[in-house]
Structure formats: structure tokens, C-alpha cells
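Student: Since the structure of chain Y is provided, determine the placement of chains C, G and Z on it from the hints.
Number of protein chains: 4
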Amino acid sequence: MKNTFGTSVTVTLFGESHGPEIGAVVDGLAPGLPVDEEFIASRLTLRRPAGRISTARQEEDAFRIVSGVFEGRTTGTPLAILIPNRDTRSGDYQRGPARPGHADYTAYTKYHGFEDYRGGGHFSGRITAALVAAGAIVIRALQGKGILIGTHVARCAGIDDAPFTDLPADLEKLNSLPFAVLDETKGQAMRDAIEQAAARGDSVGGILETAVLGMPAGVGEPWFDTVEGVLSHALFSVPAVKGVEFGAGFAFADMTGSRANDPLRMKDSHPVTTSNHNGGINGGISNGMPLLFRCVVKPTPSISLEQQTVNPLTGENTVLEIRGRHDPAIVHRARIVVDSVAALALADLLALRFGADWLASPDD
Amino acid sequence: MKNTFGTSVTVTLFGESHGPEIGAVVDGLAPGLPVDEEFIASRLTLRRPAGRISTARQEEDAFRIVSGVFEGRTTGTPLAILIPNRDTRSGDYQRGPARPGHADYTAYTKYHGFEDYRGGGHFSGRITAALVAAGAIVIRALQGKGILIGTHVARCAGIDDAPFTDLPADLEKLNSLPFAVLDETKGQAMRDAIEQAAARGDSVGGILETAVLGMPAGVGEPWFDTVEGVLSHALFSVPAVKGVEFGAGFAFADMTGSRANDPLRMKDSHPVTTSNHNGGINGGISNGMPLLFRCVVKPTPSISLEQQTVNPLTGENTVLEIRGRHDPAIVHRARIVVDSVAALALADLLALRFGADWLASPDD
Amino acid sequence: MKNTFGTSVTVTLFGESHGPEIGAVVDGLAPGLPVDEEFIASRLTLRRPAGRISTARQEEDAFRIVSGVFEGRTTGTPLAILIPNRDTRSGDYQRGPARPGHADYTAYTKYHGFEDYRGGGHFSGRITAALVAAGAIVIRALQGKGILIGTHVARCAGIDDAPFTDLPADLEKLNSLPFAVLDETKGQAMRDAIEQAAARGDSVGGILETAVLGMPAGVGEPWFDTVEGVLSHALFSVPAVKGVEFGAGFAFADMTGSRANDPLRMKDSHPVTTSNHNGGINGGISNGMPLLFRCVVKPTPSISLEQQTVNPLTGENTVLEIRGRHDPAIVHRARIVVDSVAALALADLLALRFGADWLASPDD
Amino acid sequence: MKNTFGTSVTVTLFGESHGPEIGAVVDGLAPGLPVDEEFIASRLTLRRPAGRISTARQEEDAFRIVSGVFEGRTTGTPLAILIPNRDTRSGDYQRGPARPGHADYTAYTKYHGFEDYRGGGHFSGRITAALVAAGAIVIRALQGKGILIGTHVARCAGIDDAPFTDLPADLEKLNSLPFAVLDETKGQAMRDAIEQAAARGDSVGGILETAVLGMPAGVGEPWFDTVEGVLSHALFSVPAVKGVEFGAGFAFADMTGSRANDPLRMKDSHPVTTSNHNGGINGGISNGMPLLFRCVVKPTPSISLEQQTVNPLTGENTVLEIRGRHDPAIVHRARIVVDSVAALALADLLALRFGADWLASPDD
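Those protein sequence lines, which keep their order, are chains Y, C, G and Z.
Per our numbering, the very first residue in the first sequence carries number 16; after that it's consecutive.
Per our numbering, the very first residue in the second sequence carries number 16; after that it's consecutive.
Per our numbering, the very first residue in the third sequence carries number 16; after that it's consecutive.
Per our numbering, the very first residue in the fourth sequence carries number 16; after that it's consecutive.
In case anyone wonders, no lab produced these hints; they're calculated from the structure.
No false leads were mixed into what you were given.
If several chains are the same, the list does not tell them apart, and a pair holds so long as it fits within one copy or across any two.
Straight-line Cα separation of at most 20 Å, EDC-like style, residue types lysine to aspartate or glutamate; simulated pairs:
{"hint": "1", "residue 1": "K282", "residue 2": "E331"}
{"hint": "2", "residue 1": "K201", "residue 2": "D269"}
{"hint": "3", "residue 1": "K201", "residue 2": "D181"}
{"hint": "4", "residue 1": "K160", "residue 2": "D185"}
{"hint": "5", "residue 1": "K282", "residue 2": "D181"}
One chain only, chain Y, in its complex shape (with noise of 0.2 Å):
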């Protein structure tokens, strides 16, 4: 399916760094969910580039939806939602060198040189505004369903946050911060190591962890479409994601099993686990204790140090000195894409186990 993602409810993307508009297509939404443009808005400012921190490109996001809503709610029918490119500066591009760290040389590869390689083309960071987009739409849709979703900047630069503690409070703080943390004394030290990345001309990578509360037992398939492996499918799509985990995650390596397991106990009447080391998630399907799962975003590979690389065109060695605007740390603009697939691909997996209804259905 390529660039299309999901089976019942479905996401398209399109549109290229430094093309007119670039935009996404959600298909499969149940009918008549609210569309609330101030909220994805909202989403979008978290998205962008703010301060010393981040890429100097400013981009006002002033999206448009041109199909599936109607007098303010999803039709049921293809959503269209188009985010004209306004402030690009092709001149800072050029056919060259491949930058290191990033698809030039692998869109090269693929593509035969016919690629957009203004800005990374299809391959920037700038088409996730449309997934963003998109997903806001998805993401009020589940909260209308009583399904939660935050994620905050866990670690950067050698620095970790607090954990969560106090769910779901944690997860209203964080969709409300531009920049994710739940110890803000921890979030100015990150912020104080990506500045200091920035002024030697380097980068710095993180840890994203995010908890999604609410979401039902019984989702998931025990082979191939577990919650674990459509997740992860759509999660790789971030940019710059090169590892996601869930619950324990790695540390399940050195946990014996007697520790690793989560009892079960009721709990109103419903069984519950007295601790989460599965991440909400048993043989791939959730068991309707939070999912948790964490992202490894790597650093921005665009750094204005010297780099060795080679230029594909003529084959030959070279130098490169990346010009142009770019993010020191992308971890946390990151997060809130992060949000954004996970809602869209759990809004796949619940339209495929309750019907194409169900996330505009009653509460139960």
C-alpha cells in the first residue's frame, strides 16, 4: 500500500518540502464527528519549530479541509486536509552531495535521480504537518470514546525526565506544553544541551514514551496485525525513529519472568494487572490496562559540521557543510507526530474490531 496506511481507517499522505502544498487523506472515519479546526490548530503550532531549539523556517499551517466534512463533522467519505508550503527557500538546495543521515542517497537509489531533492522532497520532516493534521481529527475522535494519548520527551541528550506517575493528569499537562516534559526542571536542561548542541554545530537524539489510557481489551490480532506490529508500523514513519518498545521493553532482557509477569487481580469487577511491564498488550492484543510504548528518535542528522560523503551523481568523494535551516533536536516536535500515527493506526484497529461506526458511536 506504500504511502497509504491502515485498512478500515486509512491515511494518505502526499506533497513534498518545497512543492505548493503537501496533505493527507483519512478515509473510513465513522460519520458525524465534530472536526474541531482550533484543536488541530493547535497540534500544528506544537508541531513547529519554536525558538532558539529549532529550524528558523516558519510555517503559518494555515490548513484547508476540501472534502469529508460537512456543517462541522466527518461525512464518512474521504477527509482531504492541504497545507500550502509558504515560506520555502529552494535556493538553500541543491542537487549534491547526499547528506549523510539522511534518504539522499537511498531516494537516489530508489528513484533514479528523478526525485525532489529540494528540502529532502518527500521525505522531510515538513510532510508530517499532514499527518498531524490528520491525526488531531482522530485523536478528539477517541477522546470523544474515553481513549487517552500523550507522550513527553522521556530522555534527551543524557537527561531523563520523570516518569509518569499520575495518569491520566500527566496527559493533559503534556498536550498543553510546547515542549513535553513532566519535570519542567528537566525539560530546561534538555533544552540547555540541545542550545549547546546547536552552538558546536551538532545535533542530539532522545527517547519518546507514550502512554495511551482508555483503550479497550480484545483489540488485536494474535499473528502479524498484533497492537505491537501495526504500531510499530506506523510509528517507524516518524522521522528519525530507529526503535520503539513496548512496556518493559529492553529491559526485559535482564528481568526473570517471575518479575517481568503482571499479576492479574479484580477490580471492579474487571481484571486488572497490578503492574505494566506488558505495555497494556498481551499475544498482541491489548488487555485494557494503558499502552505504553517508547520511541527512540536519533539526532537530526542535518549538522552544520563538516561531514564526509560522497556525491552520487558523479561518484565521487566529497566534503559537505550543510547550509540552511535546520533543528538541533527533533525529539520533541516529534512527539506530537508520534500522537498522531498511534491515533490513527488504533482508530484502524478499533474500526476493524467494533465497525466502521463505532468511534461516533454512544458511550456504552
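Tutor: Below, chains C, G and Z without anything else, positioned relative to chain Y:
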């Protein structure tokens, strides 16, 4: 697609732990691929439990291919493999308390109690035998195109194996070992730790590291069907896998861009990278370097220590002591499954890129 | 997806005419559906050749379900059905001249000569036995929701059967008949014509007409996954089907809009149409009226008259006299297959619309 | 996949009759294909209503491509085309009685009244402009590989056009005609009949016949993804198409096998058939002969004659007189849409068979 994975090369799984037969259907294989039944048998042997560190359940794994092979080669039409379950002792299992860390409760919720609960039913690791048989055919075919896959137990019970240093020789070595480590002294220490866990009635987890050599550049899609996304989607079907990382993976969190970026240099007229922190993938697309990824395998949830849990049928709290035959670790057995699902997922991406016959085409 | 059809309810086919077993995997069935093995057997009997108007090949069709059923009900996990091939006489077949009207030449071209050519291999009508077994389970489940399917031989060898006039009684009658016609005198005339064709070494074609009663309104999509599109996609897999029409079908060409439009009237508080030229579908979506469609089945290509053809292996012109066992008509056997694939396709659309459990849910 | 069609080459549609813009996203096109905007414009012109036999609505169809094209060629990444709706007169439409033969009632049922009902909303034939624009790019690309597509009005209002007799010249002729017939005297008679129907406030239907030349042999799958199945799935999205037949189609019902079978002969070292009753497809797979298929297009449901219907909102019987701008026939406009969806579906099958770059590869 549920229990089917893939687009051009697909695999469909079926079967339960205590049913008469399990199996897989592989469709979309290029016609004319040699089918080496001895190789399939050898892969099944490597998956089978061995000695004191594994379950006492012994299956002969006498597979038979009932379609899709004619005169020793693939026909190009669906290839069905069946493996009988012989050594089933259903008396060991009854519907009872949900085993913590297992799919018992989620299966009960999803299937409303109609699931075959015996031995974990369709969720059993037993089903992976069919995946391994299917994967063996594809692994052989990939070899024919110079694409080699191998996995070692990179960490188990807190003990690290040596890293890959001598590719492709390391892979050849691993593929003949029942307990796949690069440093056999470390392997012995791991097995000792597994036995000690077993003696305590407990279990341990670990990390698998996989290398794929010879993967052509230019495979994968920029969004959604990234190489990472497609591989991880498949890998999370390997029972107990709870995290997947590519290249430096979670270590990217503490790296700077200047270190994380892989410099490019020309070698034999082709661009190569002088490091491989990105694990052979940039922008979702293979770059021609070795694919490198790691999966964490949680400790086997079946332990004989007493555990707190609930009985979903009665909705009551209870205490569970698991009897029956179980593995104190599965990381060493899972590596064959990891190879298999990776091979199936890559074969699909390759067929989409280069056409349905590519896998059987003569070398360029 | 190749030999897999469907999205939420899927069917995967495998097997060859002269292999050891053929089979189907049905995935995504709601858990808890009764599986009536006698009903499956009775449907297989109706598909089987009977008497002088069919091939002398006799198969017992002793199917076995190896997964997905537990204590007489579907589990919700993949259901695999296997049917052994017993009465194979491979001596009748060798790779030789391409049989005109068959897939011999196209299979040779697509699979480069690696296909199992014996008895048509994977292209054989024999494979439909697995479809019929799979379909039987779904047909029964649809009955449980008040959705009834039946097909009659509307035309054969130039003879028309009576039209549907008494639904649902007509369907009940058809489902018990080995040669499904509404007017038995027409049925006798058809059978006589088939025997006469057989005596001449020739074969005849026909038209099947299907009615589906009780289909809920609001199922299907406006573009691409229209009810017509999804059904026809599946129906063209019934061997020898070369045309599919809905409602008035090709007769629309000579109608005016004032006649073709189906007037709407309220009946028991629901809108109904007073005619049904649109076959129960408007804009790709079911309208609650009976689904009506017709499939043309071409004359069996296996005839014993001498035919001009080529030998793909040698690239030479030649003359062919087909020996072996063949049907002088298949239209009367194909009707069971039409019912089956229609049931599978509709079950998929219904599950996508109303959720994975709908088929097993209690009546509203 | 709902409003997305295809696997390797996909098309996603969006938009409503009276929304600001409609559009399509085509993904999976080979990189480097020339994009001829004049040709796209000329196809859109052929789709547009013309003269007295069509609606008075005039759209300039000023499409713009916002992604996926760079320096005049496809990039290989998603290509989005947008077409603004300019001449919308929403005042003509209000939610009211369901128009018989239209999707009004089914849309209301499926979308619970949240659909954009103005001018048929997402169900409007207007949306086909986006399909035509998308199809034009693919038609041009297929031409580059020697694959030619053309459709004529084979029958309209009871008048038959001449059959194809001079291929490929016939196709070239058709592609330049606003009203595509092979015999212009028949075309004039059809147009007269259409005008007469319009004068009566009524409408007429017809049959479209399509030929595809140069299709390589060996494309398509034996089950489910047969060429017939995939094409028909797409063709039933052309509004008003209610039947699709291949080769002799429904005429097979009255043929004998000895007449229906197409004899094979060697010609220029390739097997060809001396007749083409199978329409270029055997066993679901192309045989290298021209693909031939016919679609029936029902009479336009929008007529100005008084009709009996219901108002779904009130649940009351009522009488409807449709005002606004409507086509007394759409068969002549639909042919461009048929070409387009056929091209998209075939491009997908070809890319699956021969690889993602095939369409842009130099001739063999």
C-alpha cells in the same frame, strides 16, 4: 489482513497447539525456486527444544508440503506446508486461571471464551514451527540472490555475547549452532544462567541481534512501508518480542548527530558508509549496507513459581501454579523464527520492488 | 493479495488437481459460530459431478478442519479446511499441447514452465471444493443473521429457466436440488441438451442468477469497494465466469431512466423499492432490497472434438484431442461455487461495516 | 481499502460535487514518467459535458498537480492532483426526497444523515474528473510501453455502433472523438435519440466496449486477483456501470465449447489465438491477445419526469420532480472514465508482475 502478512509475497498461518495440524500458506513465491526439504528440516530442528534448557515436549516436525511445489521446485502458486502435532498432552491443560504474561485473558476477551485454550491454542509458540518451515524456503531463495540472514543471542540473563565482527563468516557459523552465540564461552554462561533460572522455577529473557547481508539498495518506501516499519510489523509476531531497534537503536538517544551520521565513501564504484549506525536503512529505504536490527525477547511467562491471577470465567482472584512442560528461556529458539519472519518480509519488499520473478532470476 | 481474498474476513486457497490435498484458510470469522459438518458435506455433494452430464471423476471430498474450530464452534482464529485428492489419474495428463480455452498457455507463460500442469494444477475446478467448504460455514452463519443466498441455472444451452417469483421459498427449493432450476421441465430440457452436447464431444454454457435476501442496507463503499466491485472481484474467480451483471444488468442498455429507476415507497416504516432493477445496490451500497446478480459461465473448454493449438514447449502448431474425464457443462456445478464466493465476499463487507463479531451476534 | 484502489500502483479519491476541490492521489508510479499536462487537459475535456446532450454545468477543470512531479516527470512518490469546483450552484439542491436510482437513500443509511448531500456529494459523477486526470498520466505511460486503450459507445438507446475491425487505428480515432463511435452515422442516430429522451424529460443507457492492445501475456492471478476480477472491481466504480463482461461475455451462454474455444497458432514465434472469444484472458491471466471487455451503463437516474419516492428524513412517501442540470445520457462521457480506471488497474497488475520501475523502463 489479520493472520496473513505481506502484499506480493504473503504468508498465512493457522493451527493450534493441540489441534491435529498446524500450517502455513506462502503465496507469491517466484516459480522455479528449489525447495530443499533437508534445509527445512534442519531449520525446524534448530527451532525445536533441546536439552535441559527447553521444554520436554518433543515434536518430530514431520512437515509435508501439499501444494505449490512440483518436481522439487516452487510452481509460483500457493505453497501449503502442514506439520502434524503429535506429542500433545491436553490433560495438562484446562481452562482455568489466566496465566500472567500470557494471552489467556486477552484471548478470552477477544474471542468471548470460544478460543481453543489448550496449550495456548493459536497463541502457542508451537505455531512458529510453520513460520520456520515457510521461512526456510525463502531464506534459501534469498541465499540464491546473495542475501544472507543470521541472528545471535546478543544478550541473555545479563550476559553479553561478542558482537558481529567477521561477516559473512559469523552468519555461517551461527546458522549451524543450536544455541547461536558468537562467543561460545558466553553461550555456556548463558545456558548455565538459564538452567539456574529453571531450577528456581523461573525464566529469563534476552536480546537477539540480526544481520542481513547483500540487501540491494533502494528497497522500501518513505512513509508507512519503510523497511523498519514492515520488518517490525512482522517481528512483533515472534512470540515474546516486545521491542525492535535498527542500527544503533535506543543508543541513538545519547549520541550526537556528528557521531550518529554514517559518512559515505565510494568503494568499488558504489557508495558505502564507513559506519553503520543506521542499520542499512535511511529514510525507510535500504542503502546497500548490512541490515542490522535487534529484538528483545521477554522472559518466558510460563514459570512454575506461584503467581497471583484471576479466573476470567468466574471473575475471582486466585493463585496459579503452572504445571506442564515449559521453556525457562525462549530467546535461543526465537532466533530461528526471527530469521524466518525477516526473510518473508524482505522477500515481499523485494518482489514489490523488482517484480514477482526476481527471487528466481539469474544473478545480474 | 493474490490467492487471498478479503480484508476483515479473508479466504486463502491452495492446492492442485493432482496434489495430495487442496484446502482453504478462512480468517476473521466471528468466534462462536456453529460449524455444521453435515451442511458442509451436503454442499460438497451438490458441487460434485453427478451422472451422465458430469465428469466421471469421483471424489469423496472427505474434508477435515484442522484449526479454528473448537467444540463445534468457530474460535475466531484461522480456520483451515483440507480435502484430500483421492481419485487422481495423472497418467491421463502430460505436459503437451495447450488446451484451447484453458489456462495451459497462460500458466506456462506466467510460471515459465514450473507450474504443476497435471489436470490443470492450481487452475483446476477441483480447487473450488475448498471454496465450497469454506463458503458453507459462512453461508450457515449468514443464515443465522437472516441473510439467505441461492442461485439457479437461469439459462443453459439456449433454454431459459423460470425467473424468481417466490422468494424466499425459491431459494430453499434450489438449495436442495442437484440441478438447480425453478422449473423442472426446463431443467430436464437443459440436461438433455447437455447430454446431446456430450454425445457430440462438445460442451455448452449458461447463465447463473443469484439472489441474496436479508442483506442490510448501508453496506459497501461509494468508490472501488462498491458491493458490485467486491462481489464481481470474487465472482470472476469462479472458473469459466466471463461476465457479471447486477439487477437489470446489460438490459439497462435499452431502458429509459423513467423505467430503470426503482421508485421508493415506505413499507413497515422502512423505505423499499417497488421494482428492483438496480439489484439491491445504489451508488455501490446495499439498499436493503434483495441483491440480484447474474454470472455467465462459458462452455467447458475441455471437449473431445479435435482442436487446433500449439505446444508451448516446442513452439509448434499441432492438433489436440483431449482424453480424460470432463464435464460437458459446468454451469450447474458452478452455482454452488457462486453461492460460496458471494457469501465470503459479503461476510467481509459486513464485518468491515458492523465489526468482527457481528456475524455471531444475537439478532437485533 | 475503501476509497483507495490497488496494491503497487494505487489511487485514492476524495471530494464532493459542491466542495471546494476534488482530487486523487496516485502512488507507486515508476519514477521518470513524463507528465503531459496537455494530454491530461485533453482527457478532461473529453469527459466534460458537451452540447445539448449533456448537463449545462460547465467546469473548467483547471487541475493542478501539487506533488509527485518534478521537472515534468514523475518522482515515484505520491502524485496528488486537485481540481477546483467552480460552477457550483448549491441552491439547486437541498436535502429532500431520495432521488430514485441514485445513492441518496443508501448514503443516508450508511452515513446516518451526515453525508454532504449537495449534488450527490461524494457520489457525484463530478468526482470522476479526478479519476480521469489520474488515469491520463497512466494511459500515457502505458502508451510508452506499447499498451493502448480505447473505448467506444457500442450501443446506446437501442442503436449499435460498428464493431472494432481495424485495431489499433480504431483506438487512435476514438481517442480524438468527443462522442466515441466507430461509425459516425450511428453516432448521430444515438445523439438524436439522446436528445429525444431529453426532450421527454427522460434518459437512456448504453454499452461501452473497450480494447487494450499490447498487454503482455502472463499478468494476473489464477484466483481472486484474476485480470477479470481486478478490472471489474475497478470498473464498477464508474458511476452507473451495472455489468461487466469479457470477450464473448454473456453470449457464451449460447455457445458451444467447440465454437467458444480460441484455437492457438504460432505467429512470429509466439502463440496467438485465431479468435478472441476469451477477451485476451485465460484462467485469470492475460494471454497476449487484445483485452476486450464491455460495460453496461444504466440510463442517468436524474430525469425531470415526476417520480414516486420517499423522504428518508421524514419517513414519508412523496413525489419528486428533479430540477437542476443533468445528463440525458452519460454513456458517452463514461468511456473516458472506463479507460482511466482500466489503465490504473492494469498498471497495478503490471507493476506487481514486473516490478515498480517497469512502466518507465526502456522497451525490451
